[in-house]
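Peer 1: Listed below are the residues making up each chain.
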Amino acid sequence: MARIRVWPAESRSWGAYWRDHGRVIRDTSHYVTGRFATTLWVWLTIGVALAVPAALYLLEANLVRAAGQWRESLGFSVYFKTGVAMEEPRSLVERLEAMDGIERVWLTTPDDALAEFRELSDVGDVLGLMDDNPLPASVRATVNPTISPSGLTTLAEAAAEANGVEDVVVERSWLERLGAVREIVIRLYWSLAGILGLGAALISGATVRVAIEARLEEVRVLTLVGAGRGYVRRPFLYLGAVYGLGGAVMAAMAISALLLFLEEPLERLFGSYGRDLELAGFDPIFHLMLLVSGAVLGVIGAVAASNQRLKRLNVA
Amino acid sequence: MGVEFRHVVKRFENGAVALSDVSVTIPTGSLTFLTGHSGAGKSTFLNMLLRLDAPTRGRVLVNDVDITGIKRRHLPVYRRHLGAVFQDGQLLDGRSIFDNVALPLHVVGMRPRDARRRVRAALESVDLLNKARLLPGQLSAGERQRVVIARAVVNRPKILLADEPTGNLDPTLSRSIIRLFQRFHDVGVTVIVATHDTELVGTMGSRVVELDHGRIVGSGGTNADG
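From first to last, the protein sequence lines are chains C and S.
Here the first sequence is numbered in the working numbering, starting from 31 and rising by one per residue.
Here the second sequence is numbered in the working numbering, starting from 63 and rising by one per residue.
Hints listed in this document are in silico derivations from the structure and should not be mistaken for laboratory results.
Some hints here could point you the wrong way.
Some chain S residues close to chain C (C-beta under 7 Å, calculated; not the full set) [what the hints assert, rightly or not]:
id	residue
1	PRO138
2	ALA146
3	GLN152
4	LEU154
5	LEU165
6	PRO166
7	GLY171
Ideal Cβ placement from N, Cα and C applies to all residues, glycine included.
Chain C on its own, in the form it takes in the complex (with noise of 0.2 Å):
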């Protein structure tokens, strides 16, 4: 019996592979804009399926921005014992410096408590009137706005363990409230772009597919010449990626055209409040990480498919 061996192998150079991707290019485009109808609403439904997770993941961003903007109310204070020396509240502070999540902390003296009292109450000259300063030292702690609120409450734990503290107060509602509602953008994001992209992956397979039984004759003969799945598969990979890619470009024409007619009152919004402001969305990180996913995407969904197909064909 003859022993079993390998069939030898022709090797092909990277001149043949460049060759075989440029005409792949040229077979997928030529393709893409015989059928323009059919591949605009591909790329319209990959669009909106992309355009949904993509605004929530810029809600979430831009909440985080305006967050921030009001970053200075975001955090603790720490009221010290009248006639505390003013070591302890000095040491706090270099302390709280050190710590991760702090963005900024203030000491305020006595006499500094005394003469904003003086300025911004009416009834400053009262405390004239006393022999000794009523008012305690006091260090005031600005968090990172993404702090979750029980990073917040170990921050200010270790504060009031520092020696003469008699009050911490934490503004926590904000936070728990801003914090809330991230939890809800973040999961509705996840839950959605993981339906959603699955869903870009199914219409681009389902696409592929077709397109797969269009050229069915096509497959069988290069079967028999000789081609591998590889090499049958790889239009059709192509053709997905460019399904998704074109997608996704639907998809950041939709956000920014939603950004360019949110902007103006959203503008009117933070002027009232004397802020100003930057909508995060029309970066080019951004862009490119939509680009990428419908691309990846487009390919998951033609790889399943013609992987499926091609195995039935009895393709190697």
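Once you've looked at the hints, dock chain S against the given chain C.
Peer 2: Relative to the frame of chain C, chain S by itself:
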């Protein structure tokens, strides 16, 4: 490359037996006709050689290599050593005759200049060089079949397989197609042609293997290849 079938059985999932204990040796460089009525097992025989199908039992040897043991990932490379011609032509309508013939060379990544030379030679061998730029739809049935033969030989295969290559052609065209196979056989290619046209085979004088209901019922050479 010679071909040998050893006790090959092919039973389909529905229970139908396409080949039943077929043992035959086809010598290197011979021209062999597989004859028999429709359903005799001729196409299954060729599909075994192309490894489009695998035997239920038995062995198929090509050049002393048991091709039933070739791994799936090596099948494309194996098939590049074969040329295949089928009755329905299987030309790609959207591509020119030249591009159709060049297809096997694209698959192996041949340089365009070398591929052009090979395609011209293949088209010349079937007298269709002057129609290289036309589309398949612009050719007659006989011309289309000659294009398929050009595509099958452009890669200089060791074995040329043809399944009813004259099925849709009139007797004159059929003879011209068979003469083409004889020309490739003359230069040392092993040619196996499956046909139900026993009259045509009778005029050619070559080795004949007759199949009936999946069994070999006759085998032998005539004056040319005996």
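Peer 1: Compare the structure with each hint and give your call.
Peer 2: Going down the list of hints, with the structure as the test:
1. The closest approach between the C-beta of PRO138(S) and any C-beta of chain C is roughly 4 Å, which is under the 7 Å cut-off, so the hint is satisfied.
2. Annotation: ALA146(S) was flagged as interfacial toward chain C, and the flag holds, the nearest CB pair being 5 Å apart, inside 7 Å.
3. A distance limit of 7 Å between C-beta atoms decides the matter here; for GLN152(S) the minimum to chain C is near 5 Å, and the interface restraint holds.
4. Given hint, LEU154(S) at the interface with chain C, holds; its Cβ is 5 Å from that chain's nearest Cβ, closer than 7 Å.
5. Hint on LEU165(S) holds. Least Cβ distance to chain C is approximately 6 Å, under the 7 Å limit.
6. At its closest, the beta carbon of PRO166(S) sits 4 Å from a beta carbon of chain C; the interface hint therefore holds under the 7 Å criterion.
7. For GLY171(S), the suggested interface contact is upheld, since its CB lies about 3 Å from the closest CB of chain C, less than 7 Å.
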